[in-house]
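Peer 1: Sequence:
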Amino acid sequence: MLRTQTSAAARRPGRLILTGLAILVASFVVFGTVLVQQITERTVRDNLSGTPAVTALVIGSVDVPPPTVTDVRQVRAVPGVAEAVARVSTGVSIGEGYLNLQSDPGTGPLTTVRVIEGSYPDQPGEIAITPRTAERLGLSVGTTTSGTGGELTTPAPLTVTGLVESSADAGYDAYAPDSAVIAWARLTTVERVDVRVAPGASTDAVRQRVTAAVAGQPIRSGAEVREAEAQAAAEQVGRLFILVGMFVSIAVVAAALVVTSTFRIVFAQRMRQLALLRAVGASRATLVGALTAEGALTGLVAGVVGVAGALTLGYALPAILRATGHAVSSPGLPLAAAVTVVIGAVVITVLAVLAPALSAARVSPLEALRAASVTAGSRGIGVSRLVFGSLLAVGAVLAAVGTISQLPKPDQSDYDPSMPLLLLVGSGAMAFFALVALGPLLVRPVLAVVGWPLRQLGPLGRMSVGGIGGAPRRAAAVSVVVALGVTLISGVVIGGASLQILADREMALSAPTDFEVTSNGGTLPPAVVTRAEAAHGALARVVPYRMVDDARLLRGADKLGDVESGYPTSDLDLAALPSTGDLDVAQGALTDRGPGRIVLNSWVARDAGLRAGDTVTLAVATRTVDVRVAAVLPGDGPLHAGILADPTDLDRLGVPAAYTGLLADAAGAGEDGRTAGVRALRQAIGGSDGVGLAVLADERDRNDALVRTLVWIAVGLVGLTVLIAVVGVGSTTALSVVERVRESGLLRAIGLSRTGLRTMLTVESGLYGVIGATIGLVLGIPYAWLAVQTLGIEAPLTAPLLPLAGLFVVLVGLTALAGVLPARRASRVSPVVALGSDN
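For the sequence shown, the positions run 682 to 1520 when my numbering is used.
In case anyone wonders, no lab produced these hints; they're calculated from the structure. Since this is a predicted model, take the numbers as computed values, not measurements. Heads up, some of the hints might be wrong.
[To be verified] Ranges between beta-carbon positions, derived for each pair: (1) Q804 - D1353: 33 to 39 angstroms; (2) G772 - T1303: 36 to 42 angstroms; (3) V1028 - P790: 50 to 56 angstroms; (4) T1303 - R1389: 47 to 53 angstroms; (5) R1509 - G1147: 19 to 25 angstroms; (6) D1231 - A1208: 33 to 39 angstroms; (7) P760 - L994: 51 to 57 angstroms; (8) P1512 - V1028: 39 to 45 angstroms; (9) R795 - P760: 49 to 55 angstroms; (10) A1257 - E1380: 17 to 23 angstroms.
Note that beta-carbon positions come from the ideal geometry of N, C-alpha and C, so glycine has one too.
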């Protein structure tokens, strides 16, 4: 029996490849993921350490008091120390903005920057800056400004002597030797000391001398520090790949379902042969064993080919990237992982083949007397499967109800998402396996709806729909995998859109425009506002505002809330800001704000016990004005204001007319427009003391980039399941073409053209995608809503119709394309040969 089955598989290698194609892809993906993780971790370890390679010793740790300036001098005096660099950074407030001043030698083995213009500073009060910092702050080589930082409280001059290139350029980076930074900022401690040992000196001996010189300070080797830095970065990569592993596991489950479906088709094509084996004495157990061995052989071949393909690409890709100038490390040779993947492929394939093998082994020996080699498959499901699937469906609903019951209540501050997330995952898993069990019962109703337009197109459409409906179990097995992929992708798309709206809302509060000019607690000189409003070529809009920090809410003579000093209150004109449309309200309407009507953020409303429509007294110092609450925001207020009041109300409260800050947008797009806006505002500020400029657009860009990156990573990972689904559709269509050779020949004999046959089979293949995508969207949208709500992030449910429609069309197109080659093969068969074929 075993020789019979293995020789049959060897005679038809095409069928063997088609049967194991999904496992081959899954093996490639799993082992490829292992190699990608190794490549990423090795690249991080080799290239992303912040400690220079020549650093022999590092003094200091975040867990103990930092080294002092005296310690630095003592270390430099130790015999055998060639160089000791104090690493320290301090924030510097300058009239035009902010600088992060960092110590770096600028030259020698321990430097981390490279001078590209001018010279590196060597005196206190001299700095080198990055190119983007120069553009943003309008500084150039030779420019002198002033600022305060560290222990320095009175402004001192800072002269730019050069431009440097560093590993990161945030737009506010400056560098100088440690002695210059320490002297200018009047520092007494440093963060750590990097030590380079002189050539020929013993590192151990130098370490002992340094330990004696700085008693009590921890000393680590440079290798230890670099390993710790690389390990920290690698741990981040490891956590990311835990998430990747979850999605890969889902793809493996999808591959198992596809393989189960393809084995059912293959065994159905060989029913006459299996019946003959039963007729000549093969028992059911023997038949099951032989078919299982065939599955193991299929899994072994697919696993080996998939691992070999991943290993080839895993070594070739880094080499290609290095040839193009990218610092990418090669992976190792994880033999244990390779063997594990191959064994896993065999085990999964064996598990996937068991159900079809048990079903095929029940064939009656009398089937050998049938003229056809294919026995019609069952269209329904058994009672036990129906009961099991129904129980799973009920469990999924109950778990979803439990999730909804534990969602955070309004204003709940101690919400823990752990249990609701666990219930949600359980509900999704039970829903999926219920879909697997009950899929054949769902195919016909879904097909009746989605296939109606095709049936109206004539005989080809009706035959395509009939071909799918005639084998509901096969259609369900493949469509369920497609549905799984669509559910995951639609959930990611909907969740990403909801998170983007939430991020836009948060940015509308914390960064409503590109720039903010503040007076650091004082008031802006009127000339600053006038000059900013006149810079029409560089600034699109300028919105000045007043902010007071001691406004109180009263009811009669009683103060509301627990805050003694009062709430921050602003008269910012929301209507003048383009981001106002991104704001949401928990109560009332923002358009109701006006004279005598205020807007509260959620915390102030809770603290004062107010709701939209309540009347209250707003007080500043001894003056009061009666107001009504027009709206309550769901979170913080713009620029962290607790109360938004009308300008006329602040006038009645005696607030000075001078503005405390202004917001502005760049007139031009991109980095050039932003730089022009920064320069215009800097000119408007001039030499005004205590006036600072913040580029809010940088924060908004970083936030948008993070959201987009997370969404695309998630879509890419979920795409693995879709890839398996498309492979399953292709292999299923190819095998069904072989199964239906006589049917295709009969259709050709009664007049169906080759083009018509190709079209019919391609449409059938696309219908797998239509059914799966329909079911996936029906499941994906509610589960995406539950996931967003379960996280407790107060993001609104957003269903982006265009991306979801595009997802539907792309999935249908991919599944249809998967059937093109099998359809072409079927159309090339001669009607005479097909009618005489016994498959």
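Peer 1: Please go over all the hints and tell whether each is borne out by the structure.
Peer 2: Evaluated hints:
no.: 1; hint: Q804 - D1353: 33 to 39 angstroms; in the structure: 34 angstroms, holds
no.: 2; hint: G772 - T1303: 36 to 42 angstroms; in the structure: 38 angstroms, holds
no.: 3; hint: V1028 - P790: 50 to 56 angstroms; in the structure: 53 angstroms, holds
no.: 4; hint: T1303 - R1389: 47 to 53 angstroms; in the structure: 51 angstroms, holds
no.: 5; hint: R1509 - G1147: 19 to 25 angstroms; in the structure: 23 angstroms, holds
no.: 6; hint: D1231 - A1208: 33 to 39 angstroms; in the structure: 27 angstroms, violated
no.: 7; hint: P760 - L994: 51 to 57 angstroms; in the structure: 53 angstroms, holds
no.: 8; hint: P1512 - V1028: 39 to 45 angstroms; in the structure: 44 angstroms, holds
no.: 9; hint: R795 - P760: 49 to 55 angstroms; in the structure: 31 angstroms, violated
no.: 10; hint: A1257 - E1380: 17 to 23 angstroms; in the structure: 21 angstroms, holds
In summary, the structure is inconsistent with hints 6 and 9 from the numbered list given earlier, while agreeing with the others.
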